[in-house]
Every structure is written in C-alpha cells, then in structure tokens.
Amino acid sequence: MFREETISSEIKYKGIIVDLHIKDVRLPNGKMAKREIVTHPGASAVLALDEGELILIRQFRKPVETELLEIPAGKLDPGEDPKDCAFRELEEETGYRALSMEKVGLIHTSPGFSNEVIHLYFTDDLIEGTLNRDEDEFMGVERIPLKELSSYLVEGKITDAKTLAALSFCQDRLSGSKKGGDQE
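Counting with this note's numbering, you get residues 1287 to 1470 for the letters of the sequence shown.
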C-alpha cells in the first residue's frame, strides 16, 4: 500500500562498516524521489546480568563526541549467526563468557536512512572469560547494580538506544532478579 519501488540504485561510498546508496524511487502516488540509504551488515548486543548487576561498557563515541554507557555489542561478520556474534562480542569486550543466552528482540536503529538491524540477547549465565578487544577499541567495564538502574535512567546516564531497547525487552527478567537488589 505504501511501498516505494526502486527504479535505480548507485553506490556512492563503500566503507569498512557502512556503504552509502542513492536510490531513485517511485512513490505510491507515482511521483519520483531520491533516498540516501546507509547499508550495514547488522549487529548483535547483549544485556548481561551478573549477581544483580548489569555488565555495561563505557566508551567514547566519536559521532556524538562523548562517552556512553552501553551494553556490549558488535558488527556481524559476513555469514555469522547473530547469536554467535553476541557470544563473541560479550567476551571480547567484557571478559565475561556466557554459558547460554536468549534472544529477546530485534531493533531497526534508524530506518529513515539505514537498514541496520541489531539482534538483542539476554544472559545471566556468566563465567569469567578472556578479554580480547580489537586494537581500535578502548573501553571500560562497569557493573551497575539493578537497584541503581532507575536513577541512571532518570539522570540520563544511559542514552544509547540499543541499551534502552534491551532494558525494555528485559524488564520482566530484571524486575524478577533478587540478587544484589533490595532484599527483604
């Protein structure tokens, strides 16, 4: 009903992480328009909970010129299963290895101009693993007690969209966790 038909497509930029396509499209009303589309291979991200604490990473993000608190995440390698990517990225970035994890959702990060999809996972089944960051990754691991999460959100300490989405998808799991929280 509202579908746009692609008439032509040209790759304007081919990068390491993203490509830029310019597409001529026919709109549902028959008129023509141009679309600038950033293509991305997709990513996986993991909301990890250990003894009532969220395992987050803090890293500087150049596009927004600030450090962000985020769940561990990374780009899918060609042909890689999103769950395998989630296991890999969690251990590489935090040094924790998940023994199991569950897919909790999927998000389109910026569908107005990008096809990027992030697969979201949850785990609370962790053991110590091996920290193995890429040579261009500089980040720290932070453990946030669940009882402090609300204040982090209200104070704007967590603004990363994938992290906020994962927290939303996992709300029931987090509210059901007694470890490390306020116990009676």
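Read the hints as simulated data drawn from the structure, not as lab findings. Note that beta-carbon positions come from the ideal geometry of N, C-alpha and C, so glycine has one too. You may find that some hints are simply not true.
[Stated by the list, open to error] Here are the simulated lysine-lysine pairs, PhoX-like style, with alpha carbons at most 25 angstroms apart:
#, residue 1, residue 2
1, K1389, K1361
2, K1298, K1369
3, K1298, K1317
4, K1448, K1433
5, K1389, K1298
6, K1320, K1298
7, K1300, K1361
8, K1369, K1448
9, K1300, K1348
[Claimed, not checked] Here are the in silico distance ranges between beta carbons for each label pair:
#, residue 1, residue 2, range
10, K1298, S1454, 30 to 40 angstroms
11, I1302, Q1457, 31 to 41 angstroms
12, F1346, S1396, 14 to 24 angstroms
13, L1385, I1303, 27 to 37 angstroms
Report task. If any of the earlier hints don't hold here, list their numbers in rising order. Result -> Numbers 2 and 5 - these are the hints that the structure violates, sorted from lowest upward.
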